[in-house]
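Asks: As they're listed, the protein sequences go chains A and B.
Residues in the first sequence are numbered consecutively from 1, following the numbering used here.
Residues in the second sequence are numbered consecutively from 1, following the numbering used here.
Hints in this document: simulated from the structure, not taken from any laboratory.
All C-beta atoms in this analysis are idealised placements derived from N, C-alpha and C, irrespective of residue type, glycine included.
Honestly, I wouldn't trust all of these hints.
Claimed, not checked - Estimated spans, in silico, between C-beta atoms of each pair: (1) B/Lys170 - A/Ser45: 23 to 33 Å; (2) A/Tyr58 - B/Ser154: 42 to 52 Å; (3) A/Leu65 - B/Glu73: 36 to 46 Å; (4) B/Lys170 - A/Leu198: 16 to 26 Å; (5) A/Val130 - B/Ala125: 16 to 26 Å; (6) A/Val130 - B/Thr56: 55 to 65 Å; (7) B/Thr74 - A/Ala24: 29 to 39 Å; (8) B/Asp237 - A/Gly212: 54 to 64 Å; (9) A/Arg53 - B/Lys75: 23 to 33 Å; (10) A/Ala193 - B/Arg126: 43 to 53 Å; (11) B/Arg126 - A/Ile51: 28 to 38 Å; (12) B/Gly189 - A/Gly212: 36 to 46 Å.
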Amino acid sequence: MSVDWAALVPYLPDLARGFAVTVALTFGGAACALFMAIGLVLATSAGGPAIRRSVRIYTEIILGLPILVLLYLIYFVLPQLGLRIGEVAAGILTLTLYYAPYMAEAIRGAIASVPAGQVDAARMIGLNPVQIFIRILLPQTLGLLIPPLTGILIGLAKDTAILSVISVHELAYATKRVVSRTYTPFEVWALVAGLYWLALSALEVLMRRLEGRVTRFRASGASA
Amino acid sequence: MSTPPAIAGRGLTMRFGPATVLDGVDIAVARGEVVCVLGPSGSGKSTLLRCLSFLTPPSAGAVHVGGEQLGMETKSDGTTVPASAARLRHQRSRIGMVFQSFNLWPHLTALGNVTEGLVQVRGEARTDARTQGLEMLAAVGLADKADAYPARLSGGQQQRVAIARALAMKPEILLFDEPTSALDPELVGEVLAVMEALAERHTTMIVVTHEIAFAAEAADRIVFMDGGRIVEDAPADRFFTTPAEERSWRFLERTMGRYLGLSRPQRPDMSGMSRHDHEV
Ligand SMILES: Nc1ncnc2c1ncn2[C@@H]1O[C@H](COP(=O)(O)OP(=O)(O)OP(=O)(O)O)[C@@H](O)[C@H]1O
Ligand SMILES: [Mg+2]
Chain A
1 MSVDWAALVP YLPDLARGFA VTVALTFGGA ACALFMAIGL VLATSAGGPA
51 IRRSVRIYTE IILGLPILVL LYLIYFVLPQ LGLRIGEVAA GILTLTLYYA
101 PYMAEAIRGA IASVPAGQVD AARMIGLNPV QIFIRILLPQ TLGLLIPPLT
151 GILIGLAKDT AILSVISVHE LAYATKRVVS RTYTPFEVWA LVAGLYWLAL
201 SALEVLMRRL EGRVTRFRAS GASA
Chain B
1 MSTPPAIAGR GLTMRFGPAT VLDGVDIAVA RGEVVCVLGP SGSGKSTLLR
51 CLSFLTPPSA GAVHVGGEQL GMETKSDGTT VPASAARLRH QRSRIGMVFQ
101 SFNLWPHLTA LGNVTEGLVQ VRGEARTDAR TQGLEMLAAV GLADKADAYP
151 ARLSGGQQQR VAIARALAMK PEILLFDEPT SALDPELVGE VLAVMEALAE
201 RHTTMIVVTH EIAFAAEAAD RIVFMDGGRI VEDAPADRFF TTPAEERSWR
251 FLERTMGRYL GLSRPQRPDM SGMSRHDHEV
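Bound-form chain A, shown alone (with noise of 0.2 Å):
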């Protein structure tokens, strides 16, 4: 097999493009399961029982379920309820929802860490839930949740190729027209194989060094 490499050049902008729709996807899915993560753990620590109720089936079910089914229950299933829901949007809702409680539960895991006073002395001090949260519990666990979020992160950012199926124009879908228009896959899935490759691997070594920066207090003590 001969191996050309001169033939993709025409479509690296197409490439380019379908790459620049998956670090947004990646980035913009991330930041909606985030926040979603956070609304589930403020919702288990500070809700009533039914709400917590409701989290944990909610949760249940997600930890069950393939994402393509998630993907599929959303993009063919909701429009015949009457929600009909572009691609892309199917798309973040997807990775949001489904990541949502991974997410949450690594931010419960790490909030267990700090000890239930710290939370006592906030509460009567007058702080509100998600003010104990963001200024109290966020801030000296981040560097116990960096980890496992960079974990999800990274599968998130894998997973944003399955939204290829449902026509995002992200890397993955754009990679498999190039294929069809030039019929050299071999060079074309190398290409964007290395592209995955270096953009998580940029993604991680960012994480660490955020890592680093957080937990500076612990390290550096009474040096403020």
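Starting from the structure of chain A, add chain B with the ligands where the hints point.
Replies: Here is chain B with the ligands on its own, set in the frame of chain A:
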């Protein structure tokens, strides 16, 4: 009495499952009064403070702070309904609490711990909060530790920061739950000194403590608890010299060996209870 007590609990009952940990406790503390709560381990002292502050609302009973019932609010039409969470937080801000384990926030400096409530709850400007925070730290003798993180402070210093943190919110009542029990013996004095200064300035305080000497010196009144009930509630001088209850006397007999400045309390006349005539 014309003015309502600074804080009053009526019929406070706390059940955890089948266990009744607090059993119909009545307690009232006047403005400027210092009350020490004594009692054996497990008698419900911490639970009482947590109920009074509504950190864990009691299963039954009511707490009034300056005449206003915690956890309830009166509507304009005069009906009383359960208070919103925000309303309860506001009511609770009239109470300050100091914990056995300090419970400082480790990611904030001493000053950050003290100013957190001023900035986040009271909405004060950072510069104002800083000025007040430094004042509070100076009041507990820690002005020079403003920028230190809790991990770099001794236990005694941490507890003094925690007192400054509570004081910064200008509470009407301070609750202390064994503030010196987690400290090395040589660090107890500096914390008690701060509390004695507060008592001398007639800060309203309820102090759960095993420091009999502190109680004897600083308290106006002693509340002695056992088995989830108040066994005796008496002026401090009378409690330590002539306790009215056999159980108080026994407790004092057991614990006063640690404090030699007090003469031994008189045993109450319990002629009907001669089965207790061992010990002494
Ligand atoms: N959250 C809880 N769930 C179940 N039981 C509890 C709970 N909190 C306290 N108790 C029980 O209530 C009783 C009284 O506890 P409390 O902490 O109020 O005692 P204490 O007088 O403060 O004791 P100590 O001097 O050891 O601090 C104990 O038997 C304890 O086991
Ligand atoms: Mg206790």
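Asks: Should the hint that A/Tyr58 and B/Ser154 are 42 to 52 Å apart at their CB atoms be regarded as holding?
Replies: Since the Cβ atoms of A/Tyr58 and B/Ser154 sit about 47 Å apart, the hinted range of 42 to 52 Å holds.
Asks: A range of 28 to 38 Å was offered for this pair. Does it hold for the Cβ distance of B/Arg126 and A/Ile51?
Replies: holds, 35 Å
Asks: Should the hint that B/Thr74 and A/Ala24 are 29 to 39 Å apart at their CB atoms be regarded as holding?
Replies: Check failed, 53 Å falls outside 29 to 39 Å.
Asks: Can you let me know if the beta-carbon spacing of A/Arg53 and B/Lys75 is within 23 to 33 Å?
Replies: Since A/Arg53 and B/Lys75 have Cβ atoms about 31 Å apart, the given range 23 to 33 Å holds.
Asks: Given a hint of 16 to 26 Å, does the C-beta separation of A/Val130 and B/Ala125 actually sit inside it?
Replies: With a Cβ separation near 21 Å, A/Val130 and B/Ala125 satisfy 16 to 26 Å, so the hint holds.
Asks: Is the distance from the Cβ of A/Val130 to the Cβ of B/Thr56 consistent with 55 to 65 Å?
Replies: About 21 Å separates the Cβ atoms of A/Val130 and B/Thr56, which means 55 to 65 Å is violated.
Asks: Given the range 43 to 53 Å, decide if the beta-carbon distance of A/Ala193 to B/Arg126 lies inside it.
Replies: The hinted range 43 to 53 Å holds for A/Ala193 and B/Arg126, with Cβ atoms some 51 Å apart.
Asks: Lying within 23 to 33 Å: is that true of the beta-carbon distance B/Lys170 to A/Ser45?
Replies: Given about 29 Å between the Cβ atoms, the range holds.
Asks: Is the distance from the Cβ of A/Leu65 to the Cβ of B/Glu73 consistent with 36 to 46 Å?
Replies: holds, 44 Å
Asks: Is the distance from the Cβ of B/Gly189 to the Cβ of A/Gly212 consistent with 36 to 46 Å?
Replies: 41 Å Cβ-Cβ, so the 36 to 46 Å window holds.
Asks: Take the C-beta atom of B/Asp237 and the C-beta atom of A/Gly212, compute their distance, and say whether it sits inside 54 to 64 Å.
Replies: Once the Cβ atoms are compared, 59 Å apart, the range 54 to 64 Å for A/Gly212 and B/Asp237 holds.
Asks: Note whether the CB distance of B/Lys170 and A/Leu198 lies within 16 to 26 Å or breaks it.
Replies: violated, 57 Å
Consistency with the previously given hints fails for numbers 4, 6, 7, ordered from lowest to highest.
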